[in-house]
Amino acid sequence: MLLVPCPHCGPRNQSDLRLVGESHSRPNPNTATREEWGSYLYLRDNPADWLTETWYCRAGCRQFFKLERNTATNEFRNPPMPGDKIGIAPYTTIDVGSSGNQAGANADGGATFTRRMDGGEK
Amino acid sequence: MTASNANGARARLGGLLGRGGDRPPRYSAGALARKGLTGEAWPRVWQDHDLKKTYDVIIIGAGVHGLATAYYLATNHGITNVAVLDKGYVGGGGSGRNTAIVRSNYLTPEGVAFYDRSLDLYNSMAADLNINVMFSERGHMTLAHTDSALRTMHWRAEVNKLQGINSSVIGPDEVKGLAPSLDTTSHPRYPILGALYHPPGGIIRHDAVNWGYARGADHLGVEIHQKTEVYDILVQGGELAEGKGAGGKVTGVRTNRGDISAPIVVNCTAGWGSLISAMAGVRLPITTHPLEAAVTEPVKVFLPTVVVSGSLHVYVSQTDRGELVFGASVDPLNTYSMRGSLSFTEELAGHILELMPSVSKMRLLRQWAGLCDMTPDYSPIMGFTPVEGHLTDVGWGTYGFKAGPVSGETMAECIATNTTPKLIEPFKLERFNDGTLVGEKGAAAVGH
Ligand SMILES: Cc1cc2nc3c(=O)[nH]c(=O)nc-3n(C[C@H](O)[C@H](O)[C@H](O)COP(=O)(O)OP(=O)(O)OC[C@H]3O[C@@H](n4cnc5c(N)ncnc54)[C@H](O)[C@@H]3O)c2cc1C
Ligand SMILES: [Zn+2]
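Protein chains in written order, with our numbering: chain B, 1 to 122; chain Z, 1 to 448.
Don't take each hint at face value.
Facing chain Z, a subset of chain B residues (Cβ under 8 Å, in silico) [said to hold, decoys possible]:
#, residue
1, Glu35
2, Ser39
3, Arg44
4, Thr71
One-sided excerpt, in silico: chain B residues whose CB lies under 8 Å from chain Z [unchecked claim]:
#, residue
5, Gln14
6, Tyr40
7, Leu43
8, Asn46
Don't read these hints as lab results, they were simulated from the structure. For clarity, every value in this text was computed on a predicted model and none was experimentally measured. Glycine is no exception: its CB is placed at the ideal position from the N, C-alpha and C atoms.
Just chain B, with the same shape it has in the complex (with noise of 0.2 Å):
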């Protein structure tokens, strides 16, 4: 079970959020070809890698939200803040050790997280 960092609620264990998939924009459905509706909806790039996702904290703050997660190691990096416009804010990696509700290992995946250096507790 993974330490998943919401940026609403804090960390909070896997099974109180859901994880809706890899975040793709959707084309417009009006004018989108068959090949294009296609990949929307069933093609995934399932990198071994760094990956950014779509979330819902359905147990806690009910929000939909973006993470990026490691898939070969489960660490998650730059979580976002809130009020974050998320998704589109430029970030910097920076391990932020023991500062921060938001920093701590993982109880089986080993990872740990960090997250925005401009940050700031909002």
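Starting from the structure of chain B, add chain Z with the ligands where the hints point.
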């Protein structure tokens, strides 16, 4: 590529007559006694080779799918200039990690016909490959705990019967008769209302199947290269960077042991399938999820059939050695990490005890995980891709071991004849643009 049928016919004739020639040497009681007394070494089951510069066919992945494809290319079509490459060892992927359930009671007519052919091949495998695969046709029972589950069971039973598959819905009393250790009272949270019973289903020794195909293919001249990792697929003329992607043509692969050229490169890497096809510029509708399993200490045999419970997300069978083998549904988190977890064990144990309260004192020996290549419709992706010479045999999810033989047979035909065999036509990649999905979730989500 032209098929040399004479070769294939000779191999089959040799097989019928039980003669040496094209068949690898037998394991016999006589040989065991002789070697036991003399201390003489057994011959290596497959050989190591230097990599050649070029092959007719390169198969990536030495699991049951890659090995069976190589074997049937050699036996049925006489194509033996074939290399099977694996970054690890033979059977190191899902093929050596699965719970070895074999059955054909699927939900769609396409699925039923396909998996039933595999069951035929499993039935004659011990003789064909000359190795004891320990196929135990002990029956397969999928429990229904809700009205809607019972309805799906009836639906599956009717689809199955229409295609001549032995499959029917039975009531709680018959369930109790077949597996007395199950709690069929009305006490549990999810009482057992009935089951889909499929007598031809069973379990098999997965390692023997992998080794049997490896040995058979090696004997016919196929080269198996372990510790040979594919870094890239070389493609020319495609629409993407480096000539990859639709419209391109495969020229070979780049490995940790150098470049090799071949006009045909087949992706048989299951959980790693997206990464391999991406090397040719082909995106697949696949996400990779771990599936965990566990095994207990051995006890006296008490569970005669395979028992699956979709509502409780568990299934269990007892091996000939007496261990209980447990499995579950895939982890909802897509990841390439095969780390086990305590939450899995906890949940599994809880659900097993709901089904069989009497096993509460048994101890778990081991747990492990393997990677599953999940597709949106729980059916595989087989055959040609938009890149000429790049074929896939992936999308095997949690249910692909049983499909190994029929996939090998049909993929070999696909490669040798350059046409898609009828049996795998429904599983083409284009179905995701056409919307002609083959929905098997109802028959494959938990009962693998
Ligand atoms: C716990 C568990 C239980 C299961 N239970 C069942 C069951 O009861 N019944 C059933 O039918 N199915 C079951 N399955 C599913 C089944 O195991 C798989 O679908 C099947 O084994 C896939 O076989 P394969 O040959 O396609 O791939 P695999 O056996 O996974 O082989 C893929 C190979 O590709 C190699 N590879 C990957 N990347 C590279 C590279 N870059 N270069 C070279 N080689 C590479 C890997 O090393 C690996 O050996 C189960 C799976 C798991 C994990
Ligand atoms: Zn939340």
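Quick rundown of the hints versus the structure:
For the restraint placing B/Glu35 at the interface with chain Z, the shortest Cβ-Cβ distance is roughly 6 Å, inside the 8 Å limit, so the hint holds. A least Cβ separation of about 7 Å between B/Ser39 and chain Z falls short of the 8 Å threshold, and the interface hint therefore holds. Of the supplied interface hints, the one on B/Arg44 holds, with its beta-carbon coming within about 5 Å of a beta-carbon of chain Z, less than 8 Å. At a threshold of 8 Å, the smallest CB-CB gap from B/Thr71 to chain Z is about 5 Å, leaving the interface hint in force.
At a threshold of 8 Å, the smallest CB-CB gap from B/Gln14 to chain Z is about 7 Å, leaving the interface hint in force. Taking 8 Å as the C-beta cut-off, the interface hint given for B/Tyr40 is violated, the closest approach to chain Z being about 11 Å. With 8 Å as the threshold, the beta carbon of B/Leu43 comes within range of chain Z, its nearest partner Cβ sitting at about 4 Å, so the hint holds. Hint status for B/Asn46 relative to chain Z: holds, with the closest Cβ pair at about 4 Å, below 8 Å.
Hint 6 alone, counting from the list given before, is not met by this structure.
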